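So the chains spell out like this:
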Amino acid sequence: MEEIRWGLLIVSYLFLGGMSAGLYFVSALATYLQDGGQPAYPRIARVGAMLAPWPVAIGSFLLIFDLGKWYRFYKLFLHFEWHSPMSIGSWLLVAFTLVSLAYFWAWLPAKVIDSVVSRLPKRLRFLGIVAWPGREGLRRPLAMAGFPLAVGVGIYTGVLLGAVQARPFWNTNLVAQMFLFSALSTGCATLILALSLHRDDLEEREARLLYSIDIVLILLELFIVIPYIVHGALSPLAVRQALALILGGPYTFAFWALFLTLGLLVPLALELYEMKPVLLEKASLHPNRVLAGATAALVIIGGFVLRYVFVYAGQVSSFQ
Amino acid sequence: MRKELAARLGVRPKRHALVIDSRKCINCKACVVACKAENDVPLGRFRNRINEETRGEFPKLLASFEPEQCHHCASASCVRVCPTGASWQRRDGLVLVDTDDCIGCGYCIIACPYNARFFNEETRVVDKCTMCVHRVDAGQPPACVETCPTKVRVFGDLEAPDGRLRELLSTRRYVVKSPQTGNDPHIFYLL
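Line order of the protein sequences matches chains A and B.
Numbering-wise (my numbering), the first sequence opens with residue 1 and increments by one.
Numbering-wise (my numbering), the second sequence opens with residue 1 and increments by one.
I should point out that these hints are in silico values taken from the structure, not numbers from a laboratory.
Some clues are possibly wrong.
[As the list claims (entries may be wrong)] Once the Cα atoms are required to be at most 16 Å apart in a straight line, the calculated EDC-like pairs of lysine to aspartate or glutamate come out as: (1) B:Lys29 <-> B:Glu4; (2) B:Lys14 <-> B:Asp162; (3) A:Lys75 <-> B:Asp98; (4) A:Lys69 <-> B:Glu66; (5) B:Lys36 <-> B:Glu146; (6) B:Lys29 <-> B:Glu66; (7) B:Lys24 <-> B:Glu52; (8) A:Lys69 <-> B:Glu146; (9) B:Lys29 <-> B:Glu57; (10) A:Lys75 <-> B:Glu53; (11) A:Lys69 <-> B:Glu121; (12) B:Lys24 <-> B:Glu57; (13) B:Lys14 <-> B:Asp157; (14) A:Lys75 <-> B:Asp101; (15) A:Lys69 <-> B:Glu53; (16) B:Lys36 <-> B:Glu68; (17) A:Lys69 <-> B:Glu52; (18) B:Lys14 <-> B:Asp137.
A quick note: this is a predicted structure, and the numbers were derived from the prediction, not measured.
Turn these sequences into a full structure, and let the hints steer you where they fit.
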């Protein structure tokens, strides 16, 4: 492929879609986990629900503007092509966005709705019914309903690339999982970042939950990246040539330094350091806001670089 | 099933394909020019091309020219990935783009192992070799085939029992490009 057809708009979309999927995933998990009939981590659940719909909404707009004829995007929804990952993905994206908006509404604090409605002209005041108190009961069902959709959106961004047999850099069964775990990890990191910027301090138990999730996700990513490289290096010539793009090619620095080191290993080390009192000394951890924010920012940047490297290097790789 | 039915009705299914004898190619690029003239291909873009390769040093050297365009694959990955069904395949094997349904997402461009597709900046949709379907349906050969001065290209129907294609492919050795992608390409290069 002489030219790059999918550029930074697609990279950003894959990143933002994954981030939403991750935010929803962690928030839904926090909604699901209960302590004496009450959500065990209400702040994580609420902040996640407040953030989840927006990255994917922005990403969808980027996706539409990347089209040759953007105003024809509706044609995606006049057809369902089961063999096209993009067709499946666009339907999934709509379903996920709708559910995450509903979930957003279910978690929206009543006082926010009231303050908005009270500023509206009188004939629009009926919109106050949006603050219907029964919506609290919808939080858990919506969290459950959105769970598979969030995982679907997270994994589909990888399937979109992995299902292209013409591009050996992508066409392995590891790319989809890689993108899924990276998506969930960036979502988790966004929550850590948001809570570390929040006016109330990051609580000990919240930090413990988010760090634990993120450590598991980063370890899973490492479990995929290492076989991806080792197995790729032992694969047929086309795959090895494709892999050369990150093993001594134009994307080597981005992959090894920015993604693997700064985006995976350094945050993993920082998170393990923060969790050390819990893991080794059976003591409680004292979350450091600056460290938490920095760790989260690194994970987020790493997630973006991963998508950048895969989208660009994949298009360059070929069988010829 | 379709073949049986067609046989019973006395109709023979068609499978259009191209055989290329690249040893005859002199790199005159008449096929490239004819294609651009016939199909109104935008400036700087091409539906077909000639891959050039030179090897060795004088006096022991080789220059080889290999014409290439859409392979009109039997299991075309571009058709599979198209989210709107705009990329489609006719019963006679020709892979076409319905420009009214194409949204210009570029997925097929990326999914083509032969880099046969490109984004047409004038129409803002995907463009590719149609094997001059308008000429084929009128009983004429594609423009690149008709114009070739050294008769590198042979266009025809693989299903025709006495056709030139069957004759060439039964009596000559040939290869297809990158069969490992599983696309089942239908340009046959004679050796």
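Against the structure, the hints:
{"no.": "1", "hint": "B:Lys29 <-> B:Glu4", "verdict": "violated (42 Å)"}
{"no.": "2", "hint": "B:Lys14 <-> B:Asp162", "verdict": "holds (13 Å)"}
{"no.": "3", "hint": "A:Lys75 <-> B:Asp98", "verdict": "holds (12 Å)"}
{"no.": "4", "hint": "A:Lys69 <-> B:Glu66", "verdict": "violated (34 Å)"}
{"no.": "5", "hint": "B:Lys36 <-> B:Glu146", "verdict": "holds (14 Å)"}
{"no.": "6", "hint": "B:Lys29 <-> B:Glu66", "verdict": "holds (11 Å)"}
{"no.": "7", "hint": "B:Lys24 <-> B:Glu52", "verdict": "holds (13 Å)"}
{"no.": "8", "hint": "A:Lys69 <-> B:Glu146", "verdict": "violated (34 Å)"}
{"no.": "9", "hint": "B:Lys29 <-> B:Glu57", "verdict": "violated (25 Å)"}
{"no.": "10", "hint": "A:Lys75 <-> B:Glu53", "verdict": "violated (42 Å)"}
{"no.": "11", "hint": "A:Lys69 <-> B:Glu121", "verdict": "holds (10 Å)"}
{"no.": "12", "hint": "B:Lys24 <-> B:Glu57", "verdict": "violated (22 Å)"}
{"no.": "13", "hint": "B:Lys14 <-> B:Asp157", "verdict": "holds (6 Å)"}
{"no.": "14", "hint": "A:Lys75 <-> B:Asp101", "verdict": "holds (7 Å)"}
{"no.": "15", "hint": "A:Lys69 <-> B:Glu53", "verdict": "violated (37 Å)"}
{"no.": "16", "hint": "B:Lys36 <-> B:Glu68", "verdict": "holds (14 Å)"}
{"no.": "17", "hint": "A:Lys69 <-> B:Glu52", "verdict": "violated (34 Å)"}
{"no.": "18", "hint": "B:Lys14 <-> B:Asp137", "verdict": "holds (12 Å)"}
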